[in-house]
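One point on numbering: in our numbering, the residue at position 310 of the sequence shown is 308, and numbering is uninterrupted.
A couple of the hints might just be wrong.
Unchecked claim - Derived lysine-lysine pairs resembling DSSO-like cross-links, with alpha carbons at most 30 Å apart: (1) LYS240 with LYS41; (2) LYS4 with LYS467; (3) LYS34 with LYS365; (4) LYS352 with LYS326; (5) LYS467 with LYS223; (6) LYS88 with LYS34; (7) LYS341 with LYS352; (8) LYS288 with LYS487.
Keep in mind that the hints were calculated from the coordinates and are not lab data.
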Amino acid sequence: MNKDLKLTWNLESVFPGGSASAEFDTFLHSLEQDLKSLQGEIKAAKAPASPKETESFDGFIEALQGTIARLSEASAFVSCLQAQNQQDKKAVQLGGRLANLRALINGIMTDFDHILRSTDDETFAQWIGRDQVRQLAFVLSESRDQAREMMSPDMESLALDLAIDGYHGWSSMYDTIVSHIQIPFEENGETVSLSAGQAANKLDSPDKETRESMFVKWEQAWSDKADFCGDTLNHLGGFRLKLYGRRGWDEVLKEPLEINRMSRETLDAMWNVIQDNKQMLLQYMERKAKLLGQDRLSWVDVEAPISKSSGTISYQEAAETIVEQFRKFSPRMADFAEMAFDKSWIEAEDRPGKRPGGFCTSLKLSKETRIFMTFSGTASNVSTLAHELGHGYHQHLMNELPILNQRYAMNVAETASTFAEMIVSDAMVKSAADEQEQLALLEDKIQRSVAFYMNIHARFLFETRFYEKRESGLLSVQELNALMEEAQKEAYCDALSSYHPHFWASKLHFYITGVPFYNFPYTFGYMFSTGIYARALQEGAGFADKYDALLRDTGVMTVEELAKKHLNADLTGRDFWQTAADPRFLADRGRSDGRGCQAVPGHDRPSGVIQPEGSVKWNRSHHTKSSPLGFITPQRDCFFDDTLVWETRTCYIASQEDDR
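Kindly produce the complete structure, drawing on both the sequences and the hints.
Next up, the structure:
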């Protein structure tokens, strides 16, 4: 690995010149012309009436996959431009241009889906049985089934056209609102204006006064914008409900479940197990409150570190540690990560003007990835970096598959990223310099459990109830606040002393139009990866190959089929999820009386491939000053962040984006 890694990424190798790139302008013009040509071809086509006639679509399918790859490349590039500089107005304009191209390809896919839907069963079976198409059998069958539940092609195309300046326009409006958020903050004797992303980082400050002061300002800032955010959310929800009604859908979870290729039975089984295992986290929260000298944690205390950290981790040290730990599990994963660092695929510089959060996006033509984050030298930054590299490795394994088979859903995308993070996070804990540092790192891990078990659950409850009430009309800001706080109290078992009523306004995910219910897939990915991690510990060194095979199949199976084939597990039942929530795979440090968190006699940590040795290479002071926490939960290794997927119902141009 290079010994002088850059903190900024290389976009010039993709299209030189940034948002003013003449080469990119030419690329978009050519893409637009080819899309229009494809549009004319599919509109003139008729459903094949015999196996012989299906051969006429071979060229179309090949061209379609090529244009999807090119549009994905363009979308990823513009996403990077917008993220690195929120004031780049030209990049915003390019985003609008791409929205039109996405609507165009979605219309093409809608017409093609109608062809699939109109093909009789016998002809279709022979069609997907042909050598040239057999690899695409799953995705073509899936598209055909979904098309049967849609409106007519003309109506679907109209909806897509109207969505550009309607549905997606409201989502862009939210981005504009966020870009204007400025929050005053005193630092080093001076008052500075922080962006929403910079201010959000202060909410996790180890200094109680800092985070509490910032939270007051944070709530006020979003309160000032609440009317605008409320209008935006109401109109997004209204558009979605009207469209569902026109399609004859009466279940708001139908689309998100289909997008994530999972059943309602699986979703319910997962949430039921989580609900039954929250007690162990409540015990942790009670103990943490005592360590902080409080009766109960407030909202802003939940993710706050117990003690201050006087040390930092350099980017170089973080990179070397990640590669080292990846290599102990899989040389292929390590080689990919090393390539990403050496070729400057990662934007990590801490500077103003960047958007908050982090993401990994795929350049499908270049067969490269780009990772975006802001690295400030914390242990959580290392976790984030490992997480995003997990996304990148997932796509790296998919690069040689047909483009249509590279569409994998958010829930399995989060599985890959979380698993990668677990490898590094576990190594950091095992290699801690002393017990106090180990406890601090373990406490950070438990916070992530709280995020997936409680924070995400609150979002899911809020969004479910929002749509129920939105059926009857617009919701006021006061109603949205009350709905949000009610969901938080339920998800956190009413364990906090205060809540975040304007969370619905401050959280990007409620405003993402590509994927509705941008919440439960995170918890699925976290729990599913935990179950896979437990299996890796049991099976040892041979599991890396199985893991790669599982990831490669994520674009051509439901999650239930994926788990059955590669893990022999039933996701619709409780057993797999309970294993993921059970402390048997990590040593229990202390006694736990809560349901689902008792120590399991005779179950020491299994030996296996993930057994980090030696010490982590950085030296820092991140020590708890009080007595140890009451217990440590199992495998809570995933950094809580959020993934934005450029995904439409039919085209699925994917890019994983995370916004904490």
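Hints versus structure:
1. LYS240 with LYS41: OK: LYS240 and LYS41 at ~26 Å, within 30 Å.
2. LYS4 with LYS467: violated, 49 Å
3. LYS34 with LYS365: Holds, at roughly 25 Å.
4. LYS352 with LYS326: Given that 30 Å is the threshold and the Cα spacing comes to 34 Å, the pair is violated.
5. LYS467 with LYS223: holds, 22 Å
6. LYS88 with LYS34: Holds, because 24 Å separates the two Cα atoms, which is no more than 30 Å.
7. LYS341 with LYS352: holds, 21 Å
8. LYS288 with LYS487: At roughly 20 Å apart (the allowed maximum being 30 Å), LYS487 and LYS288 satisfy the hint.
In summary, the structure is inconsistent with hints 2, 4 from the numbered list given earlier, while agreeing with the others.
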